[in-house]
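Chemist: Sequence:
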Amino acid sequence: CLCVGHLLQAHAKLQRSTLRLGRDTRRSAEWQYVGKFGFAIGQGTYEARLKETVPGSLPSSLQLEVYIDEDWPHVETMTEVCRKKERSRRTRDIAIGSEAGEWGPPAKGSIAQNVRPHVWYFAISDCRGTLKNGTYGLDFEIEFKQDGGSHFSVELQWATSANLLTLLGCSAFLWSFCRRSRSFLQRTGSLHPVIWSLGGVVILQYLAQCLHTGHLAIYRSDGQGSRGMELLSEVLFVLCQVIQSSLLVTIGMGYTLLQAKLHHTGLVLPICGLVALVHVLLVILDKAQSEASHRFTDHDGSTGWIFFGLRLALYAWFLRAANGTARQGGLKLQAFIAKFRLAASLYFLAYPGTFLVMLLFAPYLREPVMESGLMVAQVISNIWLASLFLDRGAYFEASSLSASPLPGGGTPTFFKQE
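Reminder that position 90 of the sequence shown reads as 1228 in this note's numbering, one-by-one numbering, no gaps.
The set of hints was computed from the structure by calculation and includes no laboratory data.
No false leads were mixed into what you were given.
The calculated EDC-like cross-link candidates involving lysine to aspartate or glutamate, where the alpha carbons are at most 20 Å apart (straight line), are: (1) Lys1189 x Glu1240; (2) Lys1283 x Glu1429; (3) Lys1189 x Glu1168; (4) Lys1189 x Asp1277; (5) Lys1246 x Asp1285; (6) Lys1189 x Glu1279; (7) Lys1246 x Asp1231; (8) Lys1425 x Asp1436; (9) Lys1223 x Glu1168; (10) Lys1223 x Glu1208; (11) Lys1246 x Asp1277; (12) Lys1470 x Asp1529; (13) Lys1189 x Asp1231; (14) Lys1246 x Glu1185; (15) Lys1246 x Glu1279; (16) Lys1246 x Glu1281; (17) Lys1477 x Asp1529; (18) Lys1223 x Asp1209; (19) Lys1189 x Glu1281; (20) Lys1223 x Asp1207; (21) Lys1283 x Asp1207; (22) Lys1283 x Glu1185.
The task is simple: from the sequences and hints, build the whole structure.
Modeler: So this is what it looks like as structure tokens:
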């Protein structure tokens, strides 16, 4: 199924955050990063405003500083925060609301570029020393627009069209899978658990894509989307990946090939359940983090590397299981396992490989590179598994899928009975 478009991270056109700026006897907080946006070629705009979180008597204004991506790595290494301004390409005074709970007038600006897209970083500073008597809480809001009015950052400008194609592909594959499964049911009298498992994966992926479509629709109208729908869609998708990986591992351990009962595979289900729980927790923790200057995808930072390690661990488990199964059979089983191992390896290594390739690209290109790679891997894997389970090939004839509950139905030969 083409259901990976939902992983597109919708960096909100309208970003809100709470800041603490000022000085007291324990610390100095004169400068704080507040957001970033990738502007495409043309003239984009931004509009920011401030208000107090607790009504008081703050000075009238602070400074909004704007940095280009070429300077940002150096800015982050500067320990004297008030010297960061030397690298700022633009500085605007930004007023704090004079009335309790009221937003101040917006600080507006534009970004024009005609060579290539750039990511621009924004920070609030009090390096003029207007906040002298403590630290203060401030609500900050900034809105970005591309030339032409689009609210998507440059790395996500393809999100709408890609999401539409993904949803259409999901619908077409789901219809095809249901039609072929019905034909299989009429032919054999039952659907094997591996077909039910793959069907569950396809349905969960479709639900995840529908949720993400709803999230994007809301995002287009209010600039923020639905965090609940976005979170649930990503949880469903990682569950699909774990279920599919578990299915490959169980077949690699000989399920349907050497034995017809799932309980012979030992601790596969409990271990896969634990892996699924870890994946879900990582997604939830990742979404709970605030916006960071170094994050452009859901795969940046420690979360991406943990997923990287988990996928390699699952792959190592699969290889060990598949090699052990091959040793228990004859030449036909070994030939099948060799082909099965190659196809499954492409799926297991899709994430690690795409993740490493992604790191070679500019930050604003990483999102399309990562999602395109995962999309291709998911499409090929689902088509391959559907053909493996539903077609009358060598796997069907020699596995427990060929066992029919109908009177006079066949029994599986199993590869080991050569």
